[in-house]
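Read off the chains here:
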Amino acid sequence: MSKTVKEIAVLVNGDVVGDGDIRIERIRSIEEAKTGDLTFVANPKYREWLASTEASAVLVPPGTEAAGKTLIIVADPYLHLGKLLAEFYPEEVCTPGIAEDTFISAEAEVSPGVTVFPCVTVDRGAKIGRNVVLYPGVYIGRHVTIGEGTTIYPNVTIYRRTQIGCRVIIHAGVVIGSDGFGFARPGVGNEKIPQVGYVQIDDDVEIGANTTIDRGTLGKTWIQRGTKIDNLVQIAHNVVIGENSVIVSQTGISGSTKLGKGVITGGQAGLVGHINLGDHVMVGAQSGVHEDVPANQVVSGSPHMPHRHWLRVMASLIRLPDMRKTIQDMQKKIEELEKRYD
Amino acid sequence: MSKTVKEIAVLVNGDVVGDGDIRIERIRSIEEAKTGDLTFVANPKYREWLASTEASAVLVPPGTEAAGKTLIIVADPYLHLGKLLAEFYPEEVCTPGIAEDTFISAEAEVSPGVTVFPCVTVDRGAKIGRNVVLYPGVYIGRHVTIGEGTTIYPNVTIYRRTQIGCRVIIHAGVVIGSDGFGFARPGVGNEKIPQVGYVQIDDDVEIGANTTIDRGTLGKTWIQRGTKIDNLVQIAHNVVIGENSVIVSQTGISGSTKLGKGVITGGQAGLVGHINLGDHVMVGAQSGVHEDVPANQVVSGSPHMPHRHWLRVMASLIRLPDMRKTIQDMQKKIEELEKRYD
Amino acid sequence: MSKTVKEIAVLVNGDVVGDGDIRIERIRSIEEAKTGDLTFVANPKYREWLASTEASAVLVPPGTEAAGKTLIIVADPYLHLGKLLAEFYPEEVCTPGIAEDTFISAEAEVSPGVTVFPCVTVDRGAKIGRNVVLYPGVYIGRHVTIGEGTTIYPNVTIYRRTQIGCRVIIHAGVVIGSDGFGFARPGVGNEKIPQVGYVQIDDDVEIGANTTIDRGTLGKTWIQRGTKIDNLVQIAHNVVIGENSVIVSQTGISGSTKLGKGVITGGQAGLVGHINLGDHVMVGAQSGVHEDVPANQVVSGSPHMPHRHWLRVMASLIRLPDMRKTIQDMQKKIEELEKRYD
Chain L
1 MSKTVKEIAV LVNGDVVGDG DIRIERIRSI EEAKTGDLTF VANPKYREWL ASTEASAVLV
61 PPGTEAAGKT LIIVADPYLH LGKLLAEFYP EEVCTPGIAE DTFISAEAEV SPGVTVFPCV
121 TVDRGAKIGR NVVLYPGVYI GRHVTIGEGT TIYPNVTIYR RTQIGCRVII HAGVVIGSDG
181 FGFARPGVGN EKIPQVGYVQ IDDDVEIGAN TTIDRGTLGK TWIQRGTKID NLVQIAHNVV
241 IGENSVIVSQ TGISGSTKLG KGVITGGQAG LVGHINLGDH VMVGAQSGVH EDVPANQVVS
301 GSPHMPHRHW LRVMASLIRL PDMRKTIQDM QKKIEELEKR YD
Chain H
1 MSKTVKEIAV LVNGDVVGDG DIRIERIRSI EEAKTGDLTF VANPKYREWL ASTEASAVLV
61 PPGTEAAGKT LIIVADPYLH LGKLLAEFYP EEVCTPGIAE DTFISAEAEV SPGVTVFPCV
121 TVDRGAKIGR NVVLYPGVYI GRHVTIGEGT TIYPNVTIYR RTQIGCRVII HAGVVIGSDG
181 FGFARPGVGN EKIPQVGYVQ IDDDVEIGAN TTIDRGTLGK TWIQRGTKID NLVQIAHNVV
241 IGENSVIVSQ TGISGSTKLG KGVITGGQAG LVGHINLGDH VMVGAQSGVH EDVPANQVVS
301 GSPHMPHRHW LRVMASLIRL PDMRKTIQDM QKKIEELEKR YD
Chain U
1 MSKTVKEIAV LVNGDVVGDG DIRIERIRSI EEAKTGDLTF VANPKYREWL ASTEASAVLV
61 PPGTEAAGKT LIIVADPYLH LGKLLAEFYP EEVCTPGIAE DTFISAEAEV SPGVTVFPCV
121 TVDRGAKIGR NVVLYPGVYI GRHVTIGEGT TIYPNVTIYR RTQIGCRVII HAGVVIGSDG
181 FGFARPGVGN EKIPQVGYVQ IDDDVEIGAN TTIDRGTLGK TWIQRGTKID NLVQIAHNVV
241 IGENSVIVSQ TGISGSTKLG KGVITGGQAG LVGHINLGDH VMVGAQSGVH EDVPANQVVS
301 GSPHMPHRHW LRVMASLIRL PDMRKTIQDM QKKIEELEKR YD
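Chains as they are written, first to last, in my numbering: chain L, 1 to 342; chain H, 1 to 342; chain U, 1 to 342.
Because the hints were derived from the structure by calculation, they are not lab data.
Any given hint could turn out to be false.
Identical copies carry no separate label here, and so any pair may be met within one copy or between two of them.
In silico lysine-lysine, DSSO-like type, Cα no more than 30 Å apart, as pairs [to be verified]:
{"#": "1", "residue 1": "Lys220", "residue 2": "Lys192"}
{"#": "2", "residue 1": "Lys83", "residue 2": "Lys192"}
{"#": "3", "residue 1": "Lys6", "residue 2": "Lys339"}
{"#": "4", "residue 1": "Lys192", "residue 2": "Lys69"}
{"#": "5", "residue 1": "Lys6", "residue 2": "Lys127"}
{"#": "6", "residue 1": "Lys127", "residue 2": "Lys258"}
{"#": "7", "residue 1": "Lys192", "residue 2": "Lys258"}
{"#": "8", "residue 1": "Lys45", "residue 2": "Lys261"}
{"#": "9", "residue 1": "Lys339", "residue 2": "Lys325"}
{"#": "10", "residue 1": "Lys220", "residue 2": "Lys45"}
{"#": "11", "residue 1": "Lys258", "residue 2": "Lys83"}
{"#": "12", "residue 1": "Lys332", "residue 2": "Lys261"}
{"#": "13", "residue 1": "Lys220", "residue 2": "Lys6"}
{"#": "14", "residue 1": "Lys258", "residue 2": "Lys333"}
{"#": "15", "residue 1": "Lys45", "residue 2": "Lys69"}
Chain L extracted, bound-state conformation (with noise of 0.2 Å):
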């Protein structure tokens, strides 16, 4: 792949400061970018790589100034970087087809342009989609349903009765609807409360490796459309996430809570059982969520508070031990000037 820089800008319909006519074979970081590439700064962080790096042309925002360099500018880099990326590198495809060492059903149904590797089983009753794509070690449980064009890779297991949409990206070692965690008596008798829900991921899903989704009790656990889950997070039955919302790594969502749309989580955060979290919601890393947030509001800490005030809250908390002191000076003092009064 080679294009000038008035190409690309082109294709991502920016502005050229500079030598349009600069060939660019390649995309990098702005710290390894060398002659011929192609960088970007979407980060503020990365700005101050701006004046050295030796990048022939660089993707900015607006506004961005970097005297003799080749800039191409647009309203949002990272974004368009994405566009580029595509454009540059195209991920091989799959050729469609079938392996002989697969276990398919005689009671499933398989649509034309799949492809499927060895190993992957398909259980009775299941419906695989137009051009879904089974990498090895797949497992898809009775009744399963999978629209076009989902992607799942290696050693994904995906329980009875999953419904999943069309355009899905499941990443290796996901499980999804396996039994969710309910049990009567706890810590006594354990007794195990069915559950007999299932779970639904809508179109254009993207679930990050190992990641765990429990089937609902009764009813469903559900993932809505265009929905984006990082790494190893764990969500429990019956949780509901919006559309659109962001689940970045290690994230537990406790059961029966729900999240509105474009709700973002920090990593590691903790969202307890039977909470509702409103439209646009964002929750900071390392957070605990007890109890509902309306839309719109940013918390962080653990019990969550508005953001804003977690931050000040943190920064008296670095002062306690000097703000301990002060009072024990401070009681000192009373004590005199009670002493010098009486």
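With chain L's structure known, arrange chains H and U on it following the hints.
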């Protein structure tokens, strides 16, 4: 399935308030239930739905009132819900048999009545008990023993010498018996300490998806009878978990720590190594337990403290910026008082 | 295996105190050791067992005294325990060979001496070094290279282009090379950024069960020589971990963060993206690191601070309700003093 309210009351040994002849076709959550459905109130949070639910009958605890509703009153609605779910929605049972494409060592012992799906490996010296179910992609290492009626879901890995009891349920992606994390001179030489022990899982344990349990360095890591472990839990070498404990998702338990009977840990709790938790200890979500906890205590926080004290600390923490302001104000007032006095 | 205390002392270059002719048959923990056993004291917590242990001999650090006990004195008992465990309990070695039911591309290169179990897939362009062991259910993606003597346990997934060094140990369920979590306009458009980089794992690394390592967006995610990673750890795109680091279970490291050599992170620690930790930094369990940490520092807390300061903060935190009470009392006293003065 269809039963009258009266018939259901007999099954759960409950008392009917209202019309015992109503027919029940399904069980649904109180938010979704319609005519013909039985629903339940186990968590008090859902009591508010009682007045508006369209369910034909509701399973409730003693003392519940709901004018005009048909109720079945039982001591523990969640426990009895479990029994009714098993009655209304019996799980399909696998037809026993060993698939062709399995890899069972000639030196392994397999009892009658087992179900072995394709792509299962059973290594030499392993013993598989009666009516065990091994789903696709399960690996049973050398000299592993598995007791009667145990179910192992897809893509589970059981390392060498693990001993698993009867009626154990192991969800997809679980790893049991991996090397404990033991290295001499950590951060410098990282010399590996051979992990020559094993894991013992007793009867009636359930282990959630993608949970990991390391084998002992010497001797065993031991999960005792009736304990239930959620998804994505980490259990290190030589940990002992007493009977009927409940370990919620993403908990981590470090090496050689010992839990008594009926211990409950909240989600994302962390326990350091080489400590003891007494019987029926409860550990709050996201807590960090750094030293022994006597029996029956409830602890929270990181580092942990008694739960009641933690509630008071957290109530103060949120006021910390105000406290700091107050301290500064008081300092000024004291200075003024001192000046006035002089 | 049976050796005299004297013979063992020679193996570990230790000094015998007591009877060097005693025969040792086994190695057991100090809590379980009986006659004929060697045991050890590595963690000072277990020193209290010295007087009562029934072990025939104890491996101890210099300066240890135990009247009437036979001791072997070595500089680092844990390190030498490792050597003796390898001697007393040698692991069974797999017999090399490639099973019939494997799926190795005609365009892959496989060196002599490998062991490949059934249900292993090796995709086109992959290169497998000498004496590599691939357990059942392992998936090796396109153009992956694996160095000599590396062992990969069951159900591991290695995505395309990953480069793995020599003598690496990868435990069951690990996922290496999955897509980094990169989306433009998170919570709104969630447009996927193609992840066109790869993962490089250097020699002598060990990776714990169900850990996930994403590939670089551009360039590589890089785990350097001798680093040991525990179970259920999340390593995001473009992270670099320096030589001989130790990453304890359930740690999460966000994108583009760089760790020096010999860094140690405690369990459930979280590191934000785009920061640098210097050589030999230590991060406490459950800490949240939000900015650069210079070499050799020890940090704790979320957000992190120097460990010693964190200890003081935590000692004050537990007294916060008392501090609040004291402040209220002081306020009253000051008011009274002010009244008296007026």
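So, going through the hints one by one against the coordinates:
1. For a Cα distance limit of 30 Å, the shortest separation of Lys220 from Lys192 qualifies both inside one copy, at 18 Å, and across copies, at 27 Å.
2. In the homo-oligomer, the alpha carbons of Lys83 and Lys192 lie at most 30 Å apart only across protomers (9 Å), although the nearest pairing inside one protomer, at 49 Å, exceeds that limit.
3. Neither within a single protomer nor between protomers do Lys6 and Lys339 lie at most 30 Å apart by alpha-carbon distance, with minima of 83 Å and 74 Å respectively.
4. Taking the closest pair of Cα atoms, Lys192 and Lys69 come within 30 Å of each other only across two copies (28 Å); inside a single copy the shortest separation is 65 Å, beyond that limit.
5. When the C-alpha separation of Lys6 and Lys127 is checked against a cutoff of 30 Å, the pair qualifies neither within a copy, at 47 Å, nor between copies, at 40 Å.
6. Only within a single protomer do Lys127 and Lys258 lie at most 30 Å apart by alpha-carbon distance; the minimum there is 29 Å, versus 44 Å between protomers.
7. Proximity of Lys192 to Lys258 under the C-alpha cut-off of 30 Å is found in both arrangements, the shortest distances being 24 Å within a copy and 24 Å between copies.
8. In this assembly of identical chains, Lys45 and Lys261 lie within 30 Å of each other by CA distance both inside one copy and across copies; the values are 29 Å within and 24 Å between.
9. Both within a single protomer and between protomers do Lys339 and Lys325 lie at most 30 Å apart by alpha-carbon distance, with minima of 21 Å and 22 Å respectively.
10. In this assembly of identical chains, the alpha carbons of Lys220 and Lys45 lie at most 30 Å apart only when taken from different copies (19 Å versus 42 Å within one copy).
11. Proximity of Lys258 and Lys83 under a CA criterion of 30 Å is satisfied inter-copy only: 27 Å between copies versus 33 Å inside one chain copy.
12. When the C-alpha separation of Lys332 and Lys261 is checked against a cutoff of 30 Å, the pair qualifies neither within a copy, at 55 Å, nor between copies, at 49 Å.
13. Proximity of Lys220 and Lys6 under a CA criterion of 30 Å is satisfied inter-copy only: 28 Å between copies versus 50 Å inside one chain copy.
14. Neither within a single protomer nor between protomers do Lys258 and Lys333 lie at most 30 Å apart by alpha-carbon distance, with minima of 53 Å and 49 Å respectively.
15. When the C-alpha separation of Lys45 and Lys69 is checked against a cutoff of 30 Å, the pair qualifies only within one copy, where the shortest distance is 18 Å, while the shortest distance between copies is 61 Å.
The earlier numbered hints that this structure contradicts are 3, 5, 12 and 14.
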